[in-house]
Amino acid sequence: MNTELIGIIATFLLTLVIAIPLGKYLARVFAGEKVWTDFLKPLETGIYKLSGINIKEQMNWKQQLKALLTINTLWLFYGFFVLIFQDKLPFNPDRNPGMTPDLAFNTIISFVANCNLQHYSGESGVSYLTQQYVLMFLQFVSAATGIAAAVVLFKAFRDKTTTDLGNFWEFFVKSITRLLLPLSFVMALILTFNGTPASYEGKDRFISVQGDTVNVSRGPAAQMIAIKHLGTNGGGYFGANSAHPFENPGYFTNMVELIAQVIVPIAMVIAFGYFIRRKKLAWTIFGVMTIGLFMLLLPMLSSELGGNPALGKMGISQTTGAMEGKEVRFGPAASAYWATVTTIISTGSVNSMHDSSMPMSGTWQLLGMMINSFYGGCGVGLLNYFIYLIIAVFISGLMVGRTPEFLGHKVEAREIKIAAIITLLSPFLILVGTAIASYIFTNHGNAAWAVQPKSWLNNPGFHGFSEMLYEMTSSNANNGSGFEGLGDNNIFWNLSTGIVIFLGRFLPIIGPVAIAGLLGAKKFIPESAGTLKTDTKTFALMTFAVIIVLNALSYFPALALGPLAEYFTMLK
Amino acid sequence: MKPNNKLFEPALVQTALKQSFIKLDPRVMVRNPVMFTVEIGTLIMAYVTVYSFSRSGQGAPLYNFFIFLVLLLTVLFANFAEAIAEARGKAQADSLRKTREETPAKVLLDNGRIEIRSSNQLKKGDVFICEAGDTIPTDGEIIEGIATIDESAITGESAPVIRESGGDKSSVTGGTKVLSDEIKVQVSTAPGESFLDKMIALVEGASRQKTPNEIALTILLASFTLVFIIVCVTLKPFADYANTPITIAALISLFVCLIPTTIGGLLSAIGIAGMDRALRANVITKSGKAVETAGDIDVLLLDKTGTITIGNRKATNFYPTAGINIKSFTDACVLSSLADETPEGKSIIELAAEQGVKIQGTPEGSAFIKFTAETRSSGLDTADGKRIRKGAFDSMRSMVQKAGNHFPSDIEDHVKAIATNGGTPLVVAENEQALGVIELQDIIKPGISERFERLRKMGVKTVMVTGDNPLTAKYIAEKAGVDDFIAEAKPEDKMNYIKDEQTLGKLVAMMGDGTNDAPALAQADVGVAMNSGTQVAKEAGNMVDLDNDPTKLIEIVEIGKQLLITRGTLTTFSIANDVAKYFAIVPALFIASIPALQSLNIMGLHSPESAIMSAVIFNAIIIPILIPLALKGVAYKPIGATALLRRNLFIYGIGGVVAPFIGIKIIDLLVGLFV
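Quick note, the sequences are listed as chains C and H, same order.
Under our numbering, think of the first position of the first sequence as 288, with each following residue one higher.
Under our numbering, think of the first position of the second sequence as 493, with each following residue one higher.
Treat each hint with caution, since some may be false.
Claimed, not checked - Across the chosen pairs, the derived CB separations fall in these ranges:
#1 Asn289(C) to Glu945(H): 53 to 61 Å
#2 His731(C) to Tyr543(H): 51 to 59 Å
#3 Pro737(H) to Ser604(C): 39 to 47 Å
#4 Lys566(C) to Thr797(H): 42 to 50 Å
#5 Ala735(C) to Leu1161(H): 52 to 60 Å
#6 Lys824(C) to Lys616(H): 56 to 64 Å
#7 Leu996(H) to Gln350(C): 24 to 32 Å
Honestly, the hints are just simulated from the structure, not real lab data.
Predicted, not measured: the structure shown is a model, and the values here were computed from it.
Beta carbons: idealized from backbone N, C-alpha and C, even for Gly.
Next up, chain C with everything else stripped away, as it sits in the complex (with noise of 0.2 Å):
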C-alpha cells in the first residue's frame, strides 16, 4: 500500500483514539459530573454572573428554543452592522472597505448558522477585527449553539418521562469552555509553530527574484484556522482557505486540521450514547455513519488517484491521479479525504479546488452535503440523523406490527409531522434555489444586473449546473464550501443562499428538538419482545436504507443532469 493510503489510514484512527475519549468526556460534562476540567468553574460561574443567567432554572423544550434563537437574532444584528462600517473601525491595517448590505446579509447569516459559506475573500474582504470579533467569535457560538442543541435532545432521553431539559445556557458556556476553547488553544499553537500567522501587523512585502513587489497579507489567522476545524465552520481566514500554505503549511498542519474537524461530531455520537446510557445505540450510529464515510469515501479515492480519464484518452500518464485543483504537498489522497470529510461533515472547508475534482467526485462531495449527517456538523449532524432516525423508527415500526417507538415513548402523528416537514424542506431549498437560478441564467441572462446572469458560470453546460446546484446543495447543508467557478459575489447569489442558508440551519434545529421534547414527555413504555430495538445491526441497515433512498430520490434527476451527465459525457 502506498504512503498516501496509509496517511489517511494514520489520520483516521488518530481521529478516533481523540474522539472516542472525547465523547466520554462530553457525556459526563453534561451530565454536571465530575471531570477533570472542573477547575474551570470559576470561569464559568464568573460568566453565569456577569449575565445574570440562573442555570438551575430548568426549561422545556420551547423554552430552550427560545433562548437558542434569541441570542443568534443578537448575533446577526451586531455582525451586520460590524461588518458594514469595518472601514470606520479600528483593527484595519490594510484599509479593507466595508461591506455592501448584501454581501453583509449573507456573509453575518452564513457565520451566524455554522455555515461560513464566503462570498468575500479574506484578505481583500475584512479587517482584522471582524476576522477576530465578529467571524471567529461566531465560530465559537454557532458551534457551541449546535452543541447545546444537540444536548437538549440528550436530555430528552435520559430520563424515561421528563419535560425539565436543562439550561440552555449551561450548556452552550460549557460547549466552550469545557471543549471548544481548550481544544482550539492547543491547536492554534500547534499551526503556529509550524509556521501559520498570529501577528496583527498589516501586509508584508518582498521582491521576488524576478523583481516583483509581492505584498502579502497576513494577520491573527491560526486561532481562526483552529476553531474553524473544531467548530466544523469552514471558513478561512484567507481567500484559498486551507490550500493556502499560511493556513495549512504542510501534510502534518493537514494531518491535524483534518482530525479536528472530525472529533466533535464523532464525539457527539459517542456522548449521546453515554449521557443516555445506552452506549450500544451510540456504537450503531457511529457504525452507520462511519459505514456512509466510507461508501463515499472509497469511490472518490479510486475517481481522483485514476486521474483525468479525458487526458488518458490522450495518452498522457497520470501516475500522480488527478492532480488538477490540488496542492503538490497534499495530493490526491489526502486531498479526495478532506473532500470527503469537509463535504459529510458541514465543515466546508478545502484543502483542494472541489471545481477540479473529478466529475464523479463532484457526485460524492455534492450526496455527503445532501445527506448531511454522517457525522455531520458539531450537534446538528446528530440532530439531522434523528430525523432520518424517526422515519426509519416510524416504518420499521409498522413492519414489525406496533405502533412505532423510540426508546420507549411512542412516534405519533405529531412527531411525524414534523419530522416530514424537515425532510422535505432541504430538497425544497436545494432544488427550488437551483430551480430559480437555472431559470434565471437560461431566460434572463441579459438582466441589467451588476453582474449579469449570463456572466454567473465559468463552465456553461453540465459543469456549470453542478456549480449551481453545489452552491445551493453547500447553503442548505450549511456546509459553506463552494464548488468555485462560480460568480457568486452578487445580489442573486447573496440573497438567495443567505436565505437558503438561515433556513437550512434553524428550521432544522427547531424540528428534532422539539420532536425530542414531545418524545421525551410522553409516558415511558418497557420495553418487550415486540419492541423494535434500534441499537440493532438490522435496524441500523433500516436507517441507512431510509438514508440512502430518500436522498437518492430527491436529487438523482438534479444529479444526473449535473455530475453524472459530465462523467458519461467525458467517457464517450
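Starting from the known structure of chain C, arrange chain H on it as the hints suggest.
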C-alpha cells in the same frame, strides 16, 4: 355463519367495479392525498391529449392518450382496492344482519295486549315476548324468564345455550332462535344502532375515521408526494438549462411513478380489511382504532375458567385409605355421586367407568341427600342402611370425628398433596368412616400453552385471573405457562391490575361478560365483551365477540399486528420501487439531448417512449396485483421484532427494489413489439 374465504366473489367484484368509478368524484378522492394528485395528473393528461391533436411539441396524440389511459387505470385500480374491501366487509356484515331483518316481533303493550310488529319498527325500551320456535327479532336483554337458545346463526356453534333474566347471561341477539320456554325481552338498541350497524357504517366509509397510525402514515406519504412534486417541477428549468425539452406526458409519468401510489392506493383497503378480518373471526369492532391498538397490547388478562382450563374440574384419581380396596372405594364414590348433577360429580362416574366400575341405575329404596351449605356434603342413604357421604375435607373430618371415629392420617397426607398440586380433594365416607379421597383437577385446554408461548414471543404478557386460592392458582399458572396470575380475584382486583400496568406504560387487553366486568372493560385499552354478556359489558368494551370464545383475544392481537405490518411493508415496497422507475424514466427524459446518459439505461429499455410507458404500466398494475395481499394481510410470525424486521426488510425492501427492474423490463419487451 360460514366464513367466506374467496377473495373475489363475482357479485362483489361487480359492485366494486361500479364503485371504482363513483369514487372518482374529487370530493371523495381528496381524502387520499396521494391518489388525488394522480387524478389531477390524469386530468392534465386528458387535456394534453386533446391539445396534441391540433398542435405539435407535446408528443404524438396516441401516445398521450395511452399515458392518460394508464393513469386513469391507476386511479381506478386504487378505487377498486378500496371498493372491494368495503364490499367484502359489507357482505360479511350483511349476512349477519340478514337473519334479523323483517322478523315479526310480539310486542307487549302497556295494557298487557300483544301486538305483532316488524322487527325494524322496534324502538329502544320496547318489550317483546319470544316463545319456543320464535326467532328473536333484535338485540335485547331478558327481563323475565329463562330459555334455551340456538345461537348457531351467529356463532356457528350448534349446541344450544341457556339465557336467563338477571345475572350475566341475560343478553340475547337478534337472529337467534328460542328452542324452549318463554322469555320477555327488552329492546336494548334502537334500530340501525346495533353494533353490527355501527360496524357496517365503519366499513362503508361514511363514518370511517383514520386511525392514529394511519394518520401519521398519510402525513409521511403526503410529504413524500410533496418532495416528488418539487423534484418534477424543478426538473423543467433544469431541463431548459440543459436544452432538453421535456413533454408534459413524461413529467407527469415520472411524477406518478415516483409518488407512493402503491401504498397510497391500498392504504384504506388495508384498514378496512383489518376490520373485515376481525369480523370473519366473529368479532365486531366498534372502531378501526381498536383493531390497531390490539396489535400493541402488552398484557392480556384471561379468565382461568373456560380460557385456560376446560370449564370444570374433573376427577383424575381415587385414593382409598389403608385397608380399603380400590374396588369398593370406587363403588362408594360412584354411589355418592349418582345424584350429583354437577359436572364434577359426573366426572367421578366417568372416571369410575373408565376404570371398569359401573353401577346400573340407583339401588332400590335409596334416598339422596342434597348438598347444603351447612353440611357441605352430599350423598345417599341406601335401603340396607349404608350412609355414603362425599364432601370437602374439613367438613368430612369434623363429621367423622364427631361420630367418635378416627380420621386416618394417610387421607390427610393425600389431601395435602392434592392441594399443593392445584387439585381439589373430596373425601368420601361410609357410615361416618372415612374411606378415601377423590382428586379433582383443572384440565388445562390442549394446545393452550403453545398459544401462550406464541404470545410471549410477540412480547405479550399473559395474566390468569381466577377465584382459586394462590396455591392452586400458582400451580395452574405454571402448568399452563402463563406469566402471572391474580388469585382469589374480585372484580376490583382486575381493575387495579389493569391500572397498575397502565401506569407502567403498558397496554392491557381483557375479556369479560358480567356487569361487574364493565369498569375493567372500559379501563382496558382493548376490552372484548362476550356477546352472551350483559348489555352494560358490551357497551363498556370496544369489541364484541360473537362466539363467546375467551381465546379470541389471541387472534385479535394477531389481526392488529397484521394490519400494521401490511401497511409498513407495502410502504417500504412502494418506496423501494422508485429506484427502478428512476432508472427507467430519467435516461428516457434526457437521452435525446444528452446521449451519454444512455449509460444510466441499465435495463436496456427499447426506446424513451416504451421506457416511460413500461414504468407507468408497472406502476398501475402493481396495485391490483397487491390487492390480495392487502386484503389478506401480510403474515405475522412471532419471531421477535428484530428478526421480523429483517425478514420483512428483505422481502419487501430488497424485493421492492428488484421486482420493478424485472417487471418493467418484461413490460418493455411486450410494449416494444408494438411501438
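Checked hints:
| no. | hint | verdict |
| --- | --- | --- |
| 1 | Asn289(C) to Glu945(H): 53 to 61 Å | 58 Å, holds |
| 2 | His731(C) to Tyr543(H): 51 to 59 Å | 27 Å, violated |
| 3 | Pro737(H) to Ser604(C): 39 to 47 Å | 42 Å, holds |
| 4 | Lys566(C) to Thr797(H): 42 to 50 Å | 48 Å, holds |
| 5 | Ala735(C) to Leu1161(H): 52 to 60 Å | 55 Å, holds |
| 6 | Lys824(C) to Lys616(H): 56 to 64 Å | 59 Å, holds |
| 7 | Leu996(H) to Gln350(C): 24 to 32 Å | 29 Å, holds |
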